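**Q** So you can see what is in the structure, the chains are spelled out below.
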Amino acid sequence: MAIIERPAAVPATVDAVAAPEVVTPTQALGAFRRPVSSTGWKSWLFTVDHKKLGIMYGAVSLFFFLVGGIEALLIRLQLAAPDNTVLSADQYNQMFTMHATTMVFLFVMPMAAAFANYFLPLQIGARDVAFPRINALGFWLFLFGGLFLNSSWLLGGAADGGWFMYSPNSSALFSPSHGIDFWVLGLQITGIASLIGALNLIVTVLNMRAPGMKLMQMPVFTWMVLVVQFLLLFAMPVITVALFLLSFQRNFGATFFDVNQGADPLLWQHLFWIFGHPEVYIIILPSFGIISEVLPTFARKPLFGYKFVVFSGAAIGFVGWGVWAHHMFASGLGPVSVAVFSVATMLIAIPTGVKIVNWTLTLWGGKLWFTTAMLFAIGVIVLFTIGGVSGVTHAVAPSDTQQTDTYHIVAHFHYVIVGGAVMGLFAGFYFWWPKMFGKMLNERLGKWNFWLMFFGVNLTFGPMHILGLQGQPRRMVVWPEKLTGDGFFDMHFWNQIASVGSFVIGLGVLIFVINIFWTWKKAPIAPLDPWDARTLEWITASPPKEHNFDRIPTVHALDEFFHRKYEEVDTADGPRLVKVKSAEEILAEEESHADAHIHLPSPSYWPIVLAAALPIIAYGVIYNLMLSVVGTAVLLLAVFGWCLEPSVADDSDYDPPAGGDSTKELATLG
Amino acid sequence: MADIAVHDVDHAHTDHGAYEDHAPHATSTGLSNNKLSMWLFLGSECLLFGGLISTYMLYRGRHEAGPGPDQIFDIPLTSVSSFILLMSSLTMVLAVNSAKRKDDRNTSLWLTITALLGALFVGGQVYEFTSFYHEGLGFTTSLFGSSFYTLTGFHGVHVTLGIIMLMVVVFIMQRDRITGDKAEVVELVGLYWHFVDVVWVIIFTLVYLIPS
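If you read the protein sequences in the order shown, they are chains A and B. Here my numbering is used: position 505 in the first sequence is 505, and no number is missing along the way. Here my numbering is used: position 164 in the second sequence is 164, and no number is missing along the way.
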């Protein structure tokens, strides 16, 4: 049951002169009220609470993870035997395009957004994000954009040009179905979500930190999320341009990629990869942040070289802008460009290597506690390093020319994305589940989950190194029997191993889903501080109250929570850390000094309405522009509703008005 | 502007209680949330126009069918409309200035004039597009045509949205419905407006003045 404070009048004790100018919550033009439910389905539909939005982001991303996973399994089924016929060539093209698109845009990015939404305000000691309604809008745009994108399966086939959607394959001549139109417009919609999310989170981090918290006292996860938001802020507009050009060509006859008119096919490649390479770091950095929280907690010592981890993360983000053309070494850029991008790409290995060293040295000499979260984090170090090493081989242009468009590349980016990003997100699930839901995920199932995924990743993507160097091309629907080699180079054997491995990963994910349900139904209530954690999000109830903190904590140090629990005491053997307070005591102290005035933003009808207008416009672009006109009308209505709704819910909309001290009044709502 | 309201409820109560010392309006950077996000948004917009301008620069010489830039641009006409747009930045500054002096009447006046000048510019663009079309440069005619209309069209849409924002500010100011720092609301629209003007300076130079 949530509490929302009634809009209180300024108490009589306050001098009228001292009272600020704006006191009464406006009725705007009196047209619309704000919803007030804090329970039931309405409280989710109209919520602006960053925690509820975080959970919804997570649930929807998980759903799309399963969708993308099924697509992956179908691909591996098709490739399990030579000249296989599980999928037709056309279906296969759609499958690998949508697998990549779904995993990148509808799973890894929004799942990172889920963690960022939920934990970023908690980690910096804020009550919510800077723009709660925009936050809600971002979620609904992501959901509707994702559904719109996937509705293409039912409406004549999905996009089939690969997630990079190179021209001229993306033109109506080579892809006559509406699939690519759905892809373009769907990504525009989710792109808006990313952009406004980035604005929101940057402002939140820069402006709303708890008193005392300096930038260099922020948890590493917050730091990495901040870097990612800057990458999104500058990368999204570039893909937006590319997508506009493509949709103008496909829907309105523009000539941007029409080679007959003298168009340059490299234009798309440059625009796409100027977005696409920062995107790679957008995918991986949140996981780096998560494991930088998990490793110190379970090694029971501070992160080794906090500043180096932070600055190398920022360096990765920065240098990441200068390496995009390494995706285009085979396109004939000329030796100078290739050399420059090759060297720049190798430079990326330096900050990344710094992080690997820091994580390893965090473990060194620690009292390691091998929880599932810790296993996943160590898994990230191992698998990401393997993927990073094969990545350096692609940076060397002559070597890359041999490897490009083969399974060697597929092996590389799956090691870094599944082994790095996805395993990192799983570390986050196990680490933060007790904070989000007050219950711990089952550790026994968790270990199964980890080991199945860990072995599955190596079984699936390990053999692809060999297949790739043998020359098996990417994106081919079949591999012919007559080309399989012998012994160690037996394509037949390694393809089957990879297919078996993919189902092992699938089993691991299935166990995770089972674990969620088991935890939901059966798990006991988790202790307040199950991991002896270090950062601000643990100085609050589990799950946190709607207003996050009873009293906004004042920060004195990096790892504030840890420093409140432990103090250094001199003993005969030198200084020792001694636990002086339990989490329960710290929380009780905070509660006893609760703030008198907690002001939370009221829920709003408009984010979901505004978001719903965009798919309508997009369907209109594809089928009938009249529909776009209708969508635009809904959009305008929503914008005006948004702007004109009152700043808080009306007094009389709340449940029984209570008498007494009007300044401390809390109304409980049904 | 959307969340000014939420912000100000906090503002109204910060003069008492334990929450006082770290009220949200005392932001860590000193910039308000709205202003910071507007700056960030404009940073993002730079790359949007960067992409569009690059596309145009790549394609401006490619016009096998239809006229090229040298044949159709009417530099005197576009210079006049550019001048009008630049003057609108001046009137915008005057509006922000009046808003800071809490002079609502003059703020509204200058905002309206800014919007009118903007509308004049958009009108010039519509006229220009129409005459180019009659001279044989359609959206689908050539790479030059597609990229020219896309770049200047995107800019025109930005100006149009700016005009709408100006008019809305005038409207809600007259009804006294701005729930917060009026001067800041005007300043935010001003930031956007100046940005759109600066982008036009770049477009005018690269597209019209430098011969292809």
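Just so you know, these hints were derived from the structure itself, not from any lab. All of these numbers come straight from a predicted model, not from anything done at the bench. Take these hints with a grain of salt, some might be off.
Covered stretches of chain A, as calculated for chain B (at least 3 residues, CB under 8 angstroms) [claimed, not checked]:
#, stretch
1, 261 to 268
2, 384 to 393
Straight-line alpha carbon distances no greater than 30 angstroms define the calculated DSBU-like cross-link-like pairs of lysine-lysine that follow [what the hints assert, rightly or not]:
#, chain 1, residue 1, chain 2, residue 2
3, B, K102, A, K214
4, B, K35, A, K51
5, A, K367, A, K52
6, A, K482, A, K367
7, B, K35, B, K100
8, A, K447, A, K42
9, A, K42, A, K214
10, B, K100, A, K52
11, A, K482, A, K214
Glycine included, each C-beta is placed from N, C-alpha and C at the ideal position.
**Q** With reference to the structure, classify each hint as holding or not holding.
**A** Quick rundown of the hints versus the structure:
With 5 residues having a beta carbon nearer than 8 angstroms to a beta carbon of chain B, the stretch 261 to 268 of chain A meets the requirement of three or more and the stated coverage holds. Interface restraint, the stretch 384 to 393 of chain A with chain B: violated (0 residues with C-beta to C-beta distance below 8 angstroms; minimum three). Taking the CA atoms of B/K102 and A/K214, the gap is about 36 angstroms. The hint is violated against a cut of 30 angstroms. For the proposed pair B/K35 and A/K51, the alpha carbon gap of about 25 angstroms is at most 30 angstroms, so the pair holds.
For the hint pairing A/K367 with A/K52, the CA-to-CA distance comes to about 35 angstroms; that exceeds 30 angstroms, so the pair is violated. Note on A/K482 and A/K367: the hinted pairing is violated, with a Cα-Cα distance of about 54 angstroms set against a maximum of 30 angstroms. As the CA atoms of B/K35 and B/K100 are separated by approximately 15 angstroms, the hinted pair is consistent with the 30 angstroms bound. With a C-alpha separation of about 37 angstroms, the suggested pair A/K447 and A/K42 falls outside the 30 angstroms cut-off, and the hint is violated.
Restraint check: the Cα-Cα separation between A/K42 and A/K214 comes to about 38 angstroms, which exceeds 30 angstroms; the hinted pair is violated. Using a Cα cut-off of 30 angstroms, the hinted pair B/K100 and A/K52 is violated, with the two alpha carbons roughly 39 angstroms apart. Restraint check for A/K482 and A/K214: the C-alpha separation of about 64 angstroms exceeds 30 angstroms, so the hint is violated.
When each numbered hint is compared with the structure, violations occur for hints 2, 3, 5, 6, 8, 9, 10, 11.
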